[in-house]
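Numbering of the sequence shown is given in this note's numbering, commencing with residue 1021 and proceeding in unit increments.
What the hints contain is simulated information worked out from the structure, not anything from laboratory work. A virtual CB, placed ideally from N, CA and C, is assigned to each residue, including glycine. Treat the hints with care, as some may be off.
[Said to hold, decoys possible] Distance windows between CB atoms, simulated:
#, residue 1, residue 2, range
1, A1117, V1324, 15 to 21 Å
2, E1049, G1114, 25 to 31 Å
3, E1185, K1057, 19 to 25 Å
4, K1157, E1219, 19 to 25 Å
5, G1247, E1062, 21 to 27 Å
6, D1073, H1143, 30 to 36 Å
7, N1248, A1113, 23 to 29 Å
8, E1156, E1049, 30 to 36 Å
[Unchecked claim] Result set (DSSO-like, lysine-lysine): computed pairs, CA atoms no more than 30 Å apart in a straight line:
#, residue 1, residue 2
9, K1176, K1300
10, K1098, K1152
11, K1057, K1080
12, K1152, K1057
13, K1187, K1326
14, K1326, K1098
15, K1300, K1152
16, K1129, K1080
17, K1187, K1098
18, K1326, K1152
19, K1325, K1129
20, K1300, K1315
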Amino acid sequence: MSSRNSIRSSSSSSPETWTEAKTVLTPLEEVRQYFSKLSDTEVLRHVLGFPSDGAPELAKHAIINAIDIEAYCFDQSKLTEVGLAVLTAPELAGIAAANPGPHAKNVLKQIYNYHYRLRENAHLVNNASFLKGNPEKNHFGETRFLSAIQMNNALKNAFCWPVDENKPELGFCPVVILGHAVRGDFNMLRNGIGFDAEEYDTVVRTIDTQQIADENCVASEALVKSGNRIGLARLASYYNSALRDQHNASNDIAYTMITAVLMGLGREIYGGHIPQARGKKTMQEVVNGLEIWSKSKSPSSFGVKKFCTRCDGNGHL
């Protein structure tokens, strides 16, 4: 009748009386358990500033790490690019509810964008008939060239974000991973540079824009009936924007984060209806402005800005 989670009650007069030991969860485990009961959209909305009732205190510090990976199409073990886009709940507090701006512009301006190219494989550019890479055409944030060790350190830094740098005893922020068909990206990270995002205790949930699109009925009825899920370019088009220079990891993950925010705040910015222009700005104009804004918002201290893929030298292209 007893189990390993049971203990004998010290106050009981009967040896047959048992009480269940209460499992004590760490703050990160509390957030993980809380998020496990929510849909992808609800988790997203929590970070955007619309938490559900009963959220643990640490959930106020949740961050979204959106990740996209590019690898050499003729050898998928050779990772070439990592795109990282980050949103933090503390920096978003009150913005989405009070003044999201046209097409959530004020929310989208809080995104940090990073484009990392792996130095060892920077000379490998996809140029097949079925896949054209665009590593030189990054529109968001700053491109940096990193070694495999530097790439691991940069990603570790993103997954170990202190709640308060001046109070290390508070630990790290809960991390929600966002991607578009993200499982394949996890595999490429593991195989390419030995980085396993899912092994970090800070990771409390993984969400996907394809699932969020399904939950918000963004995909067309015909697409749903076909058994397929919406692609990133079509998702961007749904929100009246063009995914330019696709298969650049930074561009792809920027649009992954942008469309996720638009889906998560659909009722606030579009009244739950099909997206339309708001005020004098189109969605494409908002994106164009974000590209410029991101260059100054997202400096990175990892790697180098200039790297020659022909001679492996720093300081020039």
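Verification of the supplied hints:
The beta-carbon spacing between A1117 and V1324, approximately 41 Å, falls outside the hinted interval of 15 to 21 Å. Look at E1049 against G1114: about 28 Å separates their beta carbons, and that is inside 25 to 31 Å. Look at E1185 against K1057: about 31 Å separates their beta carbons, and that is not inside 19 to 25 Å. In this structure, K1157 and E1219 break the distance hint of 19 to 25 Å, their C-beta atoms being roughly 33 Å apart.
At about 25 Å, the beta-carbon gap between G1247 and E1062 stays in the expected band of 21 to 27 Å. Distance hint for D1073 and H1143: a CB-CB separation of about 53 Å, inconsistent with the stated range 30 to 36 Å. At roughly 37 Å, the beta-carbon separation of N1248 and A1113 lies outside the given 23 to 29 Å, and the hint is violated. For E1156 and E1049, the Cβ-Cβ distance of about 43 Å falls outside the hinted range of 30 to 36 Å, so the restraint is violated.
Proximity of K1176 to K1300 is assessed by CA-CA distance (about 41 Å); at most 30 Å being required, the pair is judged violated. Taken as a hint, the K1098 and K1152 pair is honoured in the structure, with Cα atoms around 16 Å apart against an allowance of 30 Å. This hinted pair checks out: K1057 and K1080 have alpha carbons roughly 17 Å apart, not beyond 30 Å. Among the hinted pairs, K1152 with K1057 is inconsistent with the structure: their alpha-carbon atoms are about 40 Å apart, more than 30 Å.
With a CA separation close to 36 Å, the supplied pair K1187 and K1326 exceeds the 30 Å bound. The straight-line distance between the Cα atoms of K1326 and K1098 is roughly 21 Å, inside the 30 Å bound, and the hint therefore holds. Distance restraint check for K1300 and K1152: the Cα-Cα separation of roughly 35 Å exceeds the 30 Å cut-off, and the hinted pair is therefore not satisfied. Taken as a hint, the K1129 and K1080 pair is honoured in the structure, with Cα atoms around 20 Å apart against an allowance of 30 Å.
With a C-alpha separation of about 39 Å, the suggested pairing of K1187 with K1098 is violated against the 30 Å cut-off. Restraint check for K1326 and K1152: the C-alpha separation of about 23 Å stays at or below 30 Å, so the hint holds. Between K1325 and K1129 the CA atoms are separated by roughly 23 Å; this keeps the pair inside 30 Å, and the hint holds. At roughly 24 Å between alpha-carbon atoms, K1300 and K1315 fall within 30 Å of each other, so this suggested pair holds.
Hints 1, 3, 4, 6, 7, 8, 9, 12, 13, 15, 17 from the earlier list are contradicted by this structure; the remaining hints agree with it.
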